[in-house]
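Residue numbers (our numbering), protein chains in the order written: chain A, 1 to 348; chain B, 349 to 850; chain C, 851 to 1184; chain D, 1185 to 1510; chain E, 1511 to 1813.
A portion of the hints provided could be inaccurate.
What the hints assert, rightly or not - Selected chain D positions facing chain E (in silico; Cβ < 8 Å):
id	residue
1	A1202
2	F1328
3	L1342
4	F1345
5	V1485
6	L1489
Hints in this document: simulated from the structure, not taken from any laboratory.
All C-beta atoms in this analysis are idealised placements derived from N, C-alpha and C, irrespective of residue type, glycine included.
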Amino acid sequence: MSLVMEPMSTSAASSATAPLVQAHDLTRTFDVSAPWLNRVLERKPRQLLHAVDGVSFEIQRGQTLALVGESGCGKSTVARLLVGLYAPTRGRFTFDGQDAHAAYATAEGRQLRRRIQMIFQDPYASLNPRWRVADIVAEPLREHGLLRDPQAIKDRVGELLQSVGLSPLDMVKYPHQFSGGQRQRISIARALATHPEFLVCDEPTSALDVSVQAQVLNIMKDLQRQQGLTYLFISHNLAVVRHVSDQVGVMYLGRLVELADKSTLFNTPRHPYTRMLLDAIPKMHDTGRARTPVQGEVPNPLNPPSGCAFHPRCPHANARCKAERPAMQTFHGVRVACHAVEEGRIGV
Amino acid sequence: KTFKWSSASDIATWDIHSQNNALQNGIHAAVYESLVYYNSQTFKIEPMLATSWTQVSPTQLRVTLRSGVKFHDGSEFTADDAVFSLQRAMAPTSNFTPYTQGIDRVVKVDNRTIDIFTKAFNPVLLNQLTELRMMSKAWAEKNNSVAPKDIKTQDENFAHRNAMGTGPFMLREWQPDQRLVLVRNPNWWGTAPTNVTEIVYTPVSAVATRMAALLSGEVDFVLDPSPQDLPRIRSNANLKVLDGIENRTIFFGMDQHRDELVGSDVKGKNPLKDVRVRKALYQAIDANTISRVTMRGLGQPTGALVAPQVAGWTEGVHKRFPFDVEAARKLLADAGYPNGFEVDFACPNNRYINDEQICQAVTAMWARIGVRAKLRTMPLVTYFPMIQRHEASIYMLGWGVPTFDALYSLQSLVRTPGQGGDGNYNVGRYSNPKMDALIDQIKVEMDPAKRTALMTEALQLQNDDVAHIPLHNQVIPWAMKRNIEVVHRADNRIDWRLVKVN
Amino acid sequence: MSLLQVKNLVVEFPGRRGTLRALDDVSFDIAPGEILGVVGESGAGKSLTGASIIGLLEPPGRVANGEILLEGRRIDNLPHEQMRQVRGRQIGAIFQDPLTSLNPLYSIGRQLVETIMTHLPVSRAEARQRAIQLLKDTGIPAAEERIDHYPHQFSGGMRQRVVIALALAAEPKLIVADEPTTALDVSIQAQIITLLKTICKERGAAVMLITHDMGVIAETCDRVAVMYAGRVAEIGPVHEVINHPAHPYTRGLMSCIPDMDVERERLHQIDGAMPRLNAIPTGCAFNPRCAHALPRCTLDRPDLMPAGATQAACWLHEAGGGAVSSTAQPEAVA
Amino acid sequence: MLAFILRRLGQAVLVMVAVAFVSFMLFQYVGDPVIFILGQDATPEQVAEMRAALGLDQPFIVQFWHFLLNAMQGQFGISLRQGVPVSQLIAERFPATLELAVVAALLALIVGIPMGVYAALRRGSFLSQVFMTVSLLGVSLPTFLIGILLILVFAVQLGWFPSFGRGEVTALGWWTTGLLTAKGWHHITLPAVTLAIFQLTLIMRLVRAEMLEVLRTDYIKFARARGLSDRAVHFGHALKNTLVPVMTITGLQLGGLIAFAIITETVFQWPGMGLLFIQAVTFADIPVMAAYLCLIALIFVVINLIVDLLYFAVDPRLRVDKAGGH
Amino acid sequence: MISTLKRWLDSDVGYSFRTSPTAITAAVIAFICVFCAAFAPWVAPHNPFDLATLELGNARLPPAWSADGRWEFPLGTDDQGRDILSALMYGARISLAVGVASVVLSVLVGVTLGLLAGFFGGWLDAFLMRLCDVMLSFPAILVALLIAGVGRALFPNAHETLAFGVLILSISLTGWVQYARTVRGSTLVERQKEYVQAARVIGVAPLRIMRKHVLPNVLGPVLVLATIQVATAIITEATLSFLGVGAPPTSPSLGTLIRIGNDYLFSGEWWITIFPGVVLVLIALSVNLLGDWLRDALNPRLR
Ligand SMILES: Nc1ncnc2c1ncn2[C@@H]1O[C@H](COP(=O)(O)OP(=O)(O)OP(=O)(O)O)[C@@H](O)[C@H]1O
Ligand SMILES: Nc1ncnc2c1ncn2[C@@H]1O[C@H](COP(=O)(O)OP(=O)(O)OP(=O)(O)O)[C@@H](O)[C@H]1O
Ligand SMILES: [Mg+2]
Ligand SMILES: [Mg+2]
Ligand code: NI
């Protein structure tokens, strides 16, 4: 643990006051209503899909925040909000004290884009299949005018490839000539080209087998140690999350329901959903043991349950859960949104 | 016997005064008859619904009508019908004004006699009467067809789709662009050699399809066969071709008005104003080869502006300047264009027989003497308005003479443009005061012999001036099955009374 | 007697620059009612093995050698029409992606009824009744009503259950499941795995389960086969393979898994990458990455040989080499 | 659904107005019909008078405005050639064109789809190569040449089919049909084949390409894995999934068939709208041309609408009520 | 030159070319056609466009091998005494130029508009797609008639150049629609792909993304469509010439030659009809076969 914290403490002096990444009440709504004329004729209301609904968190420099949650709960949307692929419907994202979304729209946005990079969920899809690796990795360098001399660019690309464990000789190949793990590393190399400070990783290892996954995770950790990178890490795989993160946020239907230190969350989960999620992890060494899947059906995001969105599946739900939406509250350094926890109906 | 025939386009209406269109007039003539008509063999005017006529005064023609003529509905043809019909042709919605221009009024004298008053002496009145057909007054009044169909308005009169005349055939069925069926009128007043009881007309616009229909036996007769296919048809044992000179002359006109030609490399002057240049262009054309090769014999080379059937024509005016490339080159050099010049050249491509090919061949011949004609061809809808806007430097035109009288051509083609149809197709704007004087004299000359001589003189003047370059008289081929007997008419019309199917 | 026997299976892709041998001498068998897990590096040939068994190799891929026997009958060379009758009826298949496996244009009921009627002599009404029962068995609520819905109207987990219902429709004896849960999150994954297990237990069907997730293997399978570069590297009872792996690759694989319970700064990793198919080294394909490679490993290709409770294709376990193997057995996991 | 149709019809009107506007902008260049009406001998004064009477001397904007005003009252003017209301002319000609287009489209579909399926399933087999190459003749030869060659062979040489016309027609109210008599079918064969050849090629190639894609999808593989019969897999599952893009193109092409019919109708003297149009063009019959173009625009929009509605019938995903869920 | 050819033959596409007899045959035919067309002035025995050399007396001579033929005119002569072989070469020159130019033009317009519509969506998309609807309603023939009318009215004296302009413009004006639709469709798919979003995250400007990322990835179907379109454009040109809006009669294109030949179908002078038709079929067939091959070769799944 201390090893992990070290790089953070070195940079802690510079950012002791404010965290590098601050998301405040981030919300993104998608308008999925039928066209206007249809609505008028069929007397239908507007349909809004709250993909992300009031999510707030902070990440200190050199730290990793992991986001977990069911498919469709809004993790990728959060990631896209942070890198500016979506504009927030409400809320603010402050990066190093600067309103990022205001900046994205201006000329300085380029500067910000240099500092914030993203690794996409599908490594193959995120690489242009018609470009050579050399061009892919060099694109951010050229785009931000960091280097102009072709030879210098080539050297830098080689360096980057080497730093992610690939050979500079691979530069002339196309993405399809690499294996899944190698492609993932290419997209990491590209993301690192501009010396970013904040890296958003959306399920970077979901398609990989364990040995390649281990290689990728190790590279990421090494980089964090060496360059003090800050990560937002999204994954389904809780074992991986546990390995890489400092803090873990659990999302359910567009909202953050629990946000805690890694060890606290894994050792003493509070929110009933977190508990169910942890119970659902297959255990390696007790072969043949059945686990308890999360009960009930995934709710429809267009028509979320009233009150606490989790109440139809929650064993602890009561009338209040049905009616009133719980707010995030801090208990013993853990932020939870649950009436049962607040009321002490669930013990630690 | 059934006679099945075909040509490119269908008639647009059965209303005899609604549109003036050659093919349509020819078909109408089977059902509606005129007072007088050209004899198919001699091309002399002969009586039809009129039996005799006398020029009472220079402006009054008295016409005696045939008795015992019955319309298809059985009613009698009377002077009322004749007056009505002529007045109908003069009505505001009629488009037969080219034929009625000279007529002032028509008056019934008695049941069998009418008087036609002209505005001035009209030497071609009888010729014009051949195109003015007779309709039943009672039938028109009963069926709301008193006025000719106005093409500008919605109202369709009965006569548009129905026909009721005195002719040898009666309309049975008409599906536009598909089928037109005429049947024999058993009560026709005259006698005719024809043994046809039914005429079926099917317009086929694609010439190849039309020929295919003839070859496959689906039609007996094609009015406008493809000239390319004639040798084949002539050699086909089941088919034959009937050629006849049409009274239409093909010639080239030249812009002799502008001071500088549009689209020419000669600046500041108009080479076509120089008679030597015009003559050079003339002599560079090998009319015989064009007639033989391009026209496959469908052109009779001529040096005159009118066909032999036309009054005023003589062997003398018919003679061409000889084809002589050297002479042409010399003429050009004399005129100051030893290396030739560039000039615009426009032709229609769907009006006359092989029009586009002729122009191409002529362009090549001119190229020999250094005249670089820039040929453009276009369909007649765009072509005629274009030349009438004087946009072409050299243009092709064919001029038929329905009146068989050279004045018709002279007035339209070589008279300086003016009032009352003077020079209305003189789009090259040739102008010669001597010519104008001659023509004005012909207009009022009442002695036929003297008049003819004057016309010949005018034609010769045109030749001397090379106002236009005549090329040939069009020969019209008709293709048909061997068992068909028809008489070829110079106006490219079938005389329905003479058709025989053996 | 085993239900399925795969003997010396070789799959090749004839191509422009020579023939690629994607599966090389793969042998294993599955007993009735058994769940065999198949794990291995990406590109090792897991999916190809599954595809060969159901006879759906995509051309130009072809079975170049070896036999596949179902209940003692060879099925790899059956004529097209007979093989078709084996598929679905004898061997069911489940593919990775639940959305793309279902024809989006037909209701799930239609697809179920169609499958049932192809294989079983039942009337349409009976088939529908059976389809509803299948949906109920696979845990879809309100099956009577949902049967007429279209695939897109179901969530991913439910769709995967429909796919399972389709695979089970004609009560096959063997189910080949190729990464049935990769696209799903843990909670749905758990549901599906539980379902698969109960169905096996109740119907006595055997399952070949291909997956990346060791947790799933551990929890579900009776035996596990580990594949590497087109060959079976190790095969044996699941507890043994996971806890006492015999092949160096398996060992490496196991150690790569991030553990929920153990905090580690760096994950263990196998250095290097799997060789490309056209550049497989002589001898043991794993030798360039193997810490214990013997001179012999670069020369001769090892076949599966007994190694403790499992069988491994590794010279370390050659009879008499047991001593080597035990000394070489390094800091094995747990 | 209703809203969808309403919106598309609204767009149709806009498209038609745009088409009419462009048409009128260009009509001043197509020539002068007056020469046909008065004959060649008319004096310039008579011509000018006639042009004025027909309103041809006015700027196109004014002509367009008059057209719009009349069109709004359901009147599309009078044919300058035939002097008959254009709407009546088109109504007379429409059945012939529609019959021809539909027969050709059916022919193309009935022959083209199975050929495409076959070529996809047996990719590389001799017969499918033959299909692929021979079908190219259909797109390599101009329509008029194909038509005339067919006439030459089947009408002139063999005498099996008539070379022109529509044959006997039966009137069913205002609709005339040639499809009730053997003679009518006899007449429609050659033109329909001519018209269908291009579409056939296109459909065949399209079906083949789409089938090749679809055959590689997981659900086809899964359908095979379920042991479904080849028939069920190829025609039940695969073909239906190729239908959406095939329908799009076929829809557009059906509109195209009507446009292409211009040439076929000319060659075979088929008394349809195409023939009417080409005659209108040679006559500069502006009202007919304007109405025809608007009608074609309408046909395109309607066909696109029908195609889109067919999507709903074929693809349940589009039918989904977004709010519905489950 | 040789080495690039070698390298190409060694690439994947080159390999599939080498192993496809159809592709090789098609390429050879296409090459011969293009070569003869491009170098017509040097290859052709006569210059049929030089009117001064035409001799009307030589009109309609049959091919050299028949009784009346002359070796001076290997494939015979047409109605103006033009050597058919030379006319074919010169005509193909025009036809290929018109075909290629109009395809290039419609590809440029169509791809640009399709990209814009697909990438930016919204009202621009709606507007452009309605524009497509409008364009669809005008058959190429009519567009040609109208453009010819406008062109002649505007430039009454620019004959030949204008004719080509009219042809190219009218073919591309009706041709761009399908490119626009295809490209728009693919762009809609492509712009959702993560590599495009990755470029946005990097900070690449939208137009640049469109050009450098989206364009190469939507070009595949466009290229195949374009090869087919070259053939179709030649045929359209032939059809337009049939209707009299094509190339000037003194410099006949392949299409014009076919139209002329059309008049000789029944006349027994078969060579005037057959040869131009055969050349057109050869060109169209070879280009189409090459397109077919290219479509399969560029599809990695079929390789
Ligand atoms: N562009 C969009 N338009 C409409 N709805 C969207 C859009 N993007 C995402 N959504 C919806 O927002 C919700 C959250 O999607 P998101 O992709 O963030 O989920 P996720 O947590 O990343 O899921 P997964 O684990 O499957 O990747 C989903 O219901 C999705 O359907
Ligand atoms: N069509 C093909 N042509 C050539 N090689 C192929 C083809 N399909 C598969 N392969 C090769 O066969 C090998 C085995 O592929 P397979 O799909 O079985 O891998 P896998 O073990 O299922 O991997 P993953 O875990 O990534 O699904 C791979 O190396 C792959 O490159
Ligand atoms: Mg996601
Ligand atoms: Mg796989
Ligand atoms: Ni143990």
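Going through the hints against the structure:
1. A1202: With Cβ-Cβ at 5 Å, under 8 Å, it holds.
2. F1328: Since chain E brings a Cβ to about 6 Å from F1328 (chain D), closer than 8 Å, the hint holds.
3. L1342: Because about 15 Å separates L1342 (chain D) from the closest Cβ in chain E, which is outside the 8 Å limit, the hint is violated.
4. F1345: violated (17 Å)
5. V1485: With a closest approach of 7 Å, the V1485 (chain D) hint holds.
6. L1489: violated (11 Å)
Comparing the model with each numbered hint stated earlier shows that hints 3, 4 and 6 do not hold.
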